[in-house]
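Undergrad: Based on the sequences and whatever the hints tell you, model everything.
Going line by line, the protein sequences match chains A and B. Per our numbering, the first sequence starts with residue 1, numbered consecutively. Per our numbering, the second sequence starts with residue 1, numbered consecutively.
The hints are simulated quantities; they were obtained by calculation from the structure and are not laboratory data. Worth double-checking, as some hints may not be accurate.
[To be verified] Derived list of chain B stretches under chain A, where covered just means 3 residues or more per stretch with a C-beta under 8 Å from a C-beta of chain A: (1) 230-236; (2) 368-382.
[To be verified] Restraint ranges, calculated between C-beta atoms of paired labels, are given here: (3) B:Leu53 <-> A:Met122: 36 to 42 Å; (4) B:Met39 <-> A:Glu176: 17 to 23 Å; (5) A:Gly40 <-> B:Asp142: 46 to 52 Å; (6) B:Leu287 <-> A:Phe14: 46 to 52 Å; (7) A:Phe14 <-> B:Thr37: 41 to 47 Å; (8) B:Thr37 <-> A:Met122: 58 to 64 Å.
Keep in mind it's a predicted model, so treat the numbers as computed, not measured. Glycine included, C-beta positions come from ideal geometry on N, C-alpha and C.
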Amino acid sequence: MAATVAVEKLTRMFGSFTAVNSIDFSVSRGEIFGFLGPNGAGKSTTIKMLCGILVPTGGKGQVNGFDILSEQEKIKSTIGYMSQKFSLYDDLTVRENLRFFGSIYGLEGKKLSDRIAHAMDMAEIGNRGDEVVKNLPMGIKQRLALGSAILHDPPVLFLDEPTSGVDPIMRRNFWELIYNFSEAGKTIFITTHYMEEAEHCDRIALIIAGKIIALDTPARLKGDLAYEVYSFSVENFIEMFDYIQSLDFVSETAIFGSDIHVLCEKGFPLKRELGALMKKKNITNYHIEKISPTLEDVFVTHARKHGV
Amino acid sequence: MNDTSREKKKNGVGGFMRKGILKSMVVKEFKQMFRDTRMRIVLFAPPILMLFLFGYAVSTDVTGVRMAILDEDRSQTSRAFIERFTSTEHFVPYTYLRSPREVSPLLDRGEVELFLHVEKGFSSHIRSGKTASVQIVVDGTDSSRAAVVVSYVNAITSDFSTEYFLQRIRSVVISKMIIGVRFRQNIGLEERVMFNPDLSSRNFYLPGILGLLISLIAVTMTSMSVVKEREVGTMDQIVVSPIRSMEFIMGKSIPYTIVSFIDIVIISLLTIFWFKVPFNGSFIFLLLSSLVFIMTSISVGLFISTISRTQQQAILSTFLYFLPSILLSGFIFPIYSMPESMQIVAYINPMTYFISIVRGVFLRGVGFFFLWMELGIMTVMGVLLFLFSSRRFKEGLE
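TA: Below, the structure written as structure tokens:
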């Protein structure tokens with residue numbers, strides 16, 4: 001079956017700067033596809049090209065079967081889009097906002113009222129439909145923005161860092177909605193720089209400096225990691241971090257909260273070696289254990305490899 | 001087939017608009033415009049406020065010039081001469097001095113603007129036919145006002161001497177029966193001012209306010225409302241929606257055109273009925289020209305929105321446009337007295353044409369027959385500006 005979104009050698013240059021460098025991927029129907037990368041890696045540029053608002057300088061692609069180079073207007077009417085920026089009119093009421101956004105997608109009459117009711121239901125607006133959006137709590141606004149993006153019932157939903165600036169509980173609620181869409185057969189394309197958010201995706205593309213450096217399910221990405229990961233906790237961990245980083249059998253180090261993640265070659269007896277060193281330094285109050293790698297470990301390893 | 005027609009739509013500025021979408025754009029824009037009280041006030045209060053400011057406070061008419069008087073002659077003739085000044089509304093006696101030395105501090109402090117010094121022997125010189133001297137000192141801080149004061153003084157003086165000589169001539173003619181004797185001063189030049197017979201500065205400025213206000217409202221409102229969408233982020237949502245840029249542009253332009261138009265009607269009516277500025281021309285022609293001028297102003301606003309990221313930048317750019325467009329339009333300073341390079345700028349300034357149309361319609365009572373060229377030039381400019389701005393706007397969306 002044809003992919004909902006597919007690109008080949010997609011490239012975008014800004015002057016001599018390559019924002020997106022010949023990337024390939026395809027997303028199938030109902031999939032939640034995550035785009036994970038640091039700021040400026042090319043996530044938003046990619047999404048803009050897929051939404052038909054930025055013309056690629058190279059390569060090709062299609063969304064919902066429409067060419068991203070020549071059929072932008074058709075793409076626009078068959079996708080939903082929600083950005084990191086808040087995108088409803090603050091000074092209009094909930095209903096006025098939905099009416100406006102619905103109508104610019106060509107909805108009218110009964111169809112429009114039905115969809116508005118549906119979106120308000122989803123956002124759990126209750127009886128606040130005639131309130132000015134400005135006065136609503138952030139969580140509801142977020143859901144409302146999502147509701148507004150799917151008024152015209154698009155088969156694909158592009159979410160550009162939709163949960164930045166939202167607290168964890170709201171983020172969880174938000175993801176429940178996204179799962180519902182996916183179950184209803186909608187394709188979700190989401191960019192994020194939150195690792196735990198990326199874990200929710202069916203597949204993730206790691207993008208760094210405009211290039212996709214890894215693309216797989218979260219489980220397989222973690223499984224493919226060439227290193228073993230240990231969590232090391234010690235009293236003054238910031239000093240120890242520098243020390244551990246300097247050891248030649250340690251491949252990677254990263255700070256997670258007050259723990260240090262230490263990566264080393266598979267099979268290396270890190271626990272014993274590090275224990276010996278600690279003994280030499282007269283440090284007894286420490287804890288070390290082998291853990292299964294997180295996406296962040298995967299990401300950090302890949303990022304270091306690509307010189308970021 | 002589809003591809004080529006879409007290509008046209010994409011490139012051509014005039015890409016066709018869908019009525020339903022345009023309508024919801026306009027409705028949305030109006031709702032936002034009238035949502036909060038502050039905005040409602042901003043739309044209609046400043047125009048009226050400005051009109052009243054210009055109507056009452058701003059006047060370049062020279063009246064009430066405070067004068068210090070020193071009459072060393074103390075004769076009936078000298079008193080009659082001084083009377084000539086103080087009996088007009090232009091001059092008010094402020095103080096009578098005893099010595100010319102007393103005037104300096106008064107002028108320095110700005111307490112008086114004019115010093116009139118009638119020297120001793122004024123009446124005897126006149127009687128004996130010699131030149132009588134009167135000295136005046138004028139505060140030249142405001143050069144144009146000073147020039148007007150000097151011209152008034154000259155007029156009064158020459159009036160006075162003409163009358164005096166006329167009396168003498170008459171007596172000479174009667175007694176000696178000499179015919180054909182002419183005195184230099186007895187040729188009276190009578191001036192008649194057409195179109196603004198009172199030479200009232202209010203009549204001159206108030207119609208011009210129309211241009212000032214429309215430009216201010218249309219340019220600011222348009223640029224601000226577009227930039228606001230960009231600033232808040234709603235623009236992102238608009239851009240990914242199938243709404244076409246022409247639909248968006250027109251959706252923004254139509255409401256602001258309507259509001260500016262209402263403002264024009266209010267201001268014109270107030271100017272005519274409240275301030276009693278003579279209105280001699282065609283109201284329809286005035287409204288038509290206003291519509292064209294609103295279009296050019298909205299295009300300028302649109303252009304400003306393409307070069308401004310924030311609302312502050314938009315306000316700043318508006319002022320950068322607004323001041324020169326007022327100063328170089330003939331609204332205050334006549335264009336012919338500008339240096340040539342500035343005159344060129346004045347002639348590519350749409351405001352210039354609108355001001356001259358408005359003044360023509362109000363004061364001279366002329367219409368299309370005399371002002372078609374101004375209207376034509378303004379229309380061409382408006383269309384070009386609109387095409388240019390909407391193209392820029394479109395490109396900016398990418």
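Undergrad: Hint by hint, say whether it matches the structure.
TA: Outcome of the hint check:
Beta-carbon proximity to chain A at under 8 Å applies to 4 residues in the region 230-236 of chain B; the threshold of 3 is reached and the given coverage holds. Under a criterion of three residues with beta carbons nearer than 8 Å to beta carbons of chain A, the stated coverage of the region 368-382 of chain B fails, only 0 such residues being counted. A beta carbon spacing of about 53 Å between Leu53 of chain B and Met122 of chain A contradicts the range 36 to 42 Å that was offered as a hint. Roughly 38 Å separates the CB atoms of Met39 of chain B and Glu176 of chain A, a value that falls outside the hinted 17 to 23 Å.
Under the hint 46 to 52 Å, the C-beta atoms of Gly40 of chain A and Asp142 of chain B, about 59 Å apart, miss the expected range. Hint check: Leu287 of chain B to Phe14 of chain A, Cβ distance near 47 Å, so the stated range 46 to 52 Å holds. Between Phe14 of chain A and Thr37 of chain B the C-beta distance comes to about 44 Å, which sits within the given range of 41 to 47 Å. Range check, Thr37 of chain B to Met122 of chain A: Cβ separation about 33 Å, and the 58 to 64 Å hint is violated.
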